[in-house]
Amino acid sequence: MTGIEAIASYLPEGRVSNLERLEEFGIGEEFLLGKIGVPRVIRKGADEETSDLCVRAVEALRRRRDPGRIGALVVCTQNPDGSGLPHTSAIVHGKLGLPDEVAAFDISLGCSGYVYALSLALSFLESNGLERGLLFTADPYSKIIDPGDKNTALLFSDAATVTLLGPRPRLRLRAARFATRGSRHADLQRRDGGLYMNGRAVFNFSMTAVPPQVREILAATGWTVNDVDQFILHQGSRYLIDRLGQRLEVPPEKLPSNLAEVGNTVSSSVPLLLERYVEDLSCRRILLCGFGVGLSWATALLERVEAHPEEARRRDDEL
Amino acid sequence: MSFDAEVARGLFRAAGVKEEVIGKIAVGASLVDAGIDSLDFANVLLTIEERYGVQIPDEQALELTSLGAMAEYVHARLE
Chain A
1 MTGIEAIASY LPEGRVSNLE RLEEFGIGEE FLLGKIGVPR VIRKGADEET SDLCVRAVEA
61 LRRRRDPGRI GALVVCTQNP DGSGLPHTSA IVHGKLGLPD EVAAFDISLG CSGYVYALSL
121 ALSFLESNGL ERGLLFTADP YSKIIDPGDK NTALLFSDAA TVTLLGPRPR LRLRAARFAT
181 RGSRHADLQR RDGGLYMNGR AVFNFSMTAV PPQVREILAA TGWTVNDVDQ FILHQGSRYL
241 IDRLGQRLEV PPEKLPSNLA EVGNTVSSSV PLLLERYVED LSCRRILLCG FGVGLSWATA
301 LLERVEAHPE EARRRDDEL
Chain B
1 MSFDAEVARG LFRAAGVKEE VIGKIAVGAS LVDAGIDSLD FANVLLTIEE RYGVQIPDEQ
61 ALELTSLGAM AEYVHARLE
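Those protein sequences? They're chains A and B, same order as listed. Quick note: the first sequence uses the numbering used here, first residue 1, plus one each step. Quick note: the second sequence uses the numbering used here, first residue 1, plus one each step.
Quick caveat, the hints were computed from the structure, so don't treat them as lab data. Some clues are possibly wrong.
Simulated restraints on C-beta separations [as the list claims (entries may be wrong)]:
| # | chain 1 | residue 1 | chain 2 | residue 2 | range |
| --- | --- | --- | --- | --- | --- |
| 1 | A | Pro-251 | B | Arg-13 | 14 to 24 Å |
| 2 | B | Glu-50 | A | Ser-183 | 14 to 24 Å |
| 3 | B | Val-32 | A | Ala-219 | 53 to 63 Å |
| 4 | A | Glu-310 | B | Glu-59 | 30 to 40 Å |
| 5 | A | Lys-150 | B | Gly-28 | 45 to 55 Å |
| 6 | B | Glu-59 | A | Ala-307 | 54 to 64 Å |
| 7 | B | Ser-30 | A | Arg-62 | 27 to 37 Å |
| 8 | B | Lys-18 | A | Asp-47 | 23 to 33 Å |
| 9 | B | Glu-79 | A | Ser-123 | 45 to 55 Å |
| 10 | B | Val-27 | A | Thr-221 | 44 to 54 Å |
| 11 | A | Glu-310 | B | Ser-30 | 26 to 36 Å |
| 12 | B | Arg-77 | A | Pro-252 | 44 to 54 Å |
A few chain A residues that face chain B, going by a derived Cβ cut-off under 10 Å, partial list only [to be verified]:
| # | residue |
| --- | --- |
| 13 | Phe-31 |
| 14 | Met-197 |
| 15 | Arg-200 |
| 16 | Asp-242 |
Each residue gets a CB set at the ideal place from its N, CA and C atoms; glycine is no exception.
Construct the entire structure; sequences and hints are all you get.
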């Protein structure tokens, strides 16, 4: 069985304070912190490319463990290096000095990207007899954000994550669901070189599309909200997470957020949060849900492979 | 189904708007002045759309600047 062995991440050093821009955008501190939930955004350096963010994430992974012999490298991004040709995964492959035998390809998805890419990468590894893979998310929106656009400049941050997939997983993918509403693609798109977002349309989509998918996958798996330890939702905004939690009747302690620390990091938001729980043996069942650009949404259920600490202790005692 | 200012206040409540803000909303007065921000407003409109099965296009939404205007707009579509 192939699953998630480890997750590591990289946050660039640049910070822009949103608190210092309240007057410029005509908003109050309460709205910024209570509704948007992002006191500062993270910005990559001007000389940092998307592939560099991926490489830095691998360096973080290597400080923790040897990733072993990699068979495939996947990068989920919609803001690739240069103009997107060649694919960023090939550039990362080159920078990491990986051998020719390693497969490398990009996946073009936004906020739903991690769930899609996780399922795709796991299937790719298993169907081709490959043991280990690296799945990256790196979508530095600072490349396309107009710094004067209130709808996006206060929200999106740059970050990268890498997920090590392999045969000795801590978490396995139990089930996944995917959906697309292409008729509404213009609600969140790159337009005239910059990022355009119809905030109301994206909010309505998130509030009406996400809950049915979450309920359906839970019901099909025979799980309830109570059976899930953490609901890791894409970090769209503080308000969006709160309202989705309300609709799904998920208690706040099961709805982790990193908006205050890192903002909305697009496809990295889900794995950045998941990184917190990969080694937490008491966290047995996790729901992941990403939604946004496309419009696209995807939900996955993860199950811990390792024994619960108490169960492991009991087994040790019996031996 | 009826839709008047009092029902609208209930929808604001259902949309998670704080009581202190709802208490400041007067029928003909500006919702923004009462403390309704853009996110609350979007959620209230969504709540209305779902409860009453109406669609409120963006250009119409911009005109719903008071509780009275909101009630009038929805009431007209329910007739």
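Hints and how they fare:
1. A:Pro-251 to B:Arg-13: 14 to 24 Å: Given range 14 to 24 Å: holds, Cβ gap about 21 Å.
2. B:Glu-50 to A:Ser-183: 14 to 24 Å: At roughly 19 Å between Cβ atoms, Ser-183 of chain A and Glu-50 of chain B fall inside 14 to 24 Å, so the hint holds.
3. B:Val-32 to A:Ala-219: 53 to 63 Å: At roughly 41 Å between Cβ atoms, Ala-219 of chain A and Val-32 of chain B fall outside 53 to 63 Å, so the hint is violated.
4. A:Glu-310 to B:Glu-59: 30 to 40 Å: Roughly 59 Å apart at Cβ, these two residues miss the hinted range, so it is violated.
5. A:Lys-150 to B:Gly-28: 45 to 55 Å: For Lys-150 of chain A and Gly-28 of chain B the Cβ distance comes to about 28 Å; the hint is violated.
6. B:Glu-59 to A:Ala-307: 54 to 64 Å: holds (58 Å)
7. B:Ser-30 to A:Arg-62: 27 to 37 Å: violated (57 Å)
8. B:Lys-18 to A:Asp-47: 23 to 33 Å: violated (45 Å)
9. B:Glu-79 to A:Ser-123: 45 to 55 Å: Taking Cβ atoms as reference, Glu-79 of chain B and Ser-123 of chain A lie about 54 Å apart, which means the hint holds.
10. B:Val-27 to A:Thr-221: 44 to 54 Å: holds (48 Å)
11. A:Glu-310 to B:Ser-30: 26 to 36 Å: violated (58 Å)
12. B:Arg-77 to A:Pro-252: 44 to 54 Å: violated (36 Å)
13. Phe-31: Nearest chain B Cβ about 5 Å off; hint holds.
14. Met-197: violated (13 Å)
15. Arg-200: holds (5 Å)
16. Asp-242: The hint holds - Asp-242 of chain A has a Cβ within 10 Å of chain B, the shortest such distance being about 7 Å.
Hint violations for this structure: numbers 3, 4, 5, 7, 8, 11, 12 and 14, all remaining hints satisfied.
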